[in-house]
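For the sequence shown, the tail end lands on 301 under my numbering, and the numbers increase by one without skipping.
Keep in mind that the hints were calculated from the coordinates and are not lab data.
Any given hint might turn out to be false.
Taking CB as the label site, the calculated pair distances span [to be verified]:
(1) Tyr-120 <-> Ser-243: 41 to 49 Å
(2) Met-203 <-> Gly-254: 35 to 43 Å
(3) Ala-208 <-> Phe-255: 42 to 50 Å
(4) Phe-129 <-> Ala-208: 18 to 26 Å
(5) Ile-143 <-> Ile-239: 23 to 31 Å
(6) Gln-133 <-> Ala-201: 16 to 24 Å
(7) Ser-122 <-> Thr-222: 27 to 35 Å
For each residue, glycine too, the CB sits at the ideal point set by N, CA and C.
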Amino acid sequence: NDRKNAWESSGGSTALSNIQANLPQGTQDYISDAKSKIFNRKQLRSPTVFFGIGEEKPFYFERVPSLITERLKHNISFFYLNYILITGILFCLTLLISPSAIIGIGLLGFAWMAVIRATADGSMQVKGITITQKQASIAMAGLSVLVLIWLLSHIFWWTLSTSGFLTGVHCLLRDASMHKDEEDKVVMQGDLSLNEEESSFLNDANAPELA
């Protein structure tokens with residue numbers, strides 16, 4: 091609660107709200123719509139679909155260039171959320187086996203707590219200079235970005251290279267053409283009930299003719 095109150099009193103939440111409020115409504119709607127579409131849970135394919143379990147030949151190397159291009163386009167659009175998830179998992183696993191990064195992030199967290207406590211009254215004194223909580227938060231945010239870039243740069247590039255190789259192999263070899271029809275399905279909605287006159291007309295049209 092203390093950290094939440096400190097964050098709110100520092101003006102950070104207000105600044106974020108102001109930035110969002112100053113965006114045009116069309117831009118806000120576009121961002122919200124894009125987020126809902128990109129990270130839609132329905133776009134995450136199950137392991138059965140991702141690995142083609144139960145299919146006759148889910149993986150094979152296509153030799154025709156035009157078909158390779160078509161496969162890559164379809165797999166990227168069809169499995170993109172799975173590829174993002176794989177990248178995130180690899181990043182977390184790499185972070186867990188990197189003690190220096192964990193220690194650095196821990197020290198950065200303690201530094202944030204120290205700054206928040208030091209500016210709990212709204213400001214702090216550093217060699218006679220008064221620094222407000224908002225100024226300290228902005229400075230810590232900039233420092234945090236630089237520290238994280240320095241700490242996680244090797245993890246970031248290793249994760250990108252590893253996930254890029256794994257997803258690239260999957261994207262190249264996975265034949266998910268049988269799932270293309272699922273994207274073209276149209277959900278029928280509306281009242282399909284027939285009134286008495288239409289029902290009578292259809293029954294008369296379908297009735298067998300008597301010799």
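Hints, verified against the model:
The hint said 41 to 49 Å for the Cβ distance between Tyr-120 and Ser-243, and at roughly 32 Å that hint is violated. In this structure the supplied range 35 to 43 Å holds for Met-203 paired with Gly-254, their Cβ-Cβ distance being about 36 Å. In this structure the supplied range 42 to 50 Å holds for Ala-208 paired with Phe-255, their Cβ-Cβ distance being about 46 Å. Roughly 37 Å separates the CB atoms of Phe-129 and Ala-208, a value that falls outside the hinted 18 to 26 Å.
For Ile-143 paired with Ile-239, a C-beta distance near 40 Å fails the hint of 23 to 31 Å. For Gln-133 and Ala-201, the hinted distance range of 16 to 24 Å is not satisfied, since their beta carbons lie about 38 Å from each other. One distance hint, 27 to 35 Å for the beta-carbon pair Ser-122 and Thr-222, holds here, with the actual separation near 33 Å.
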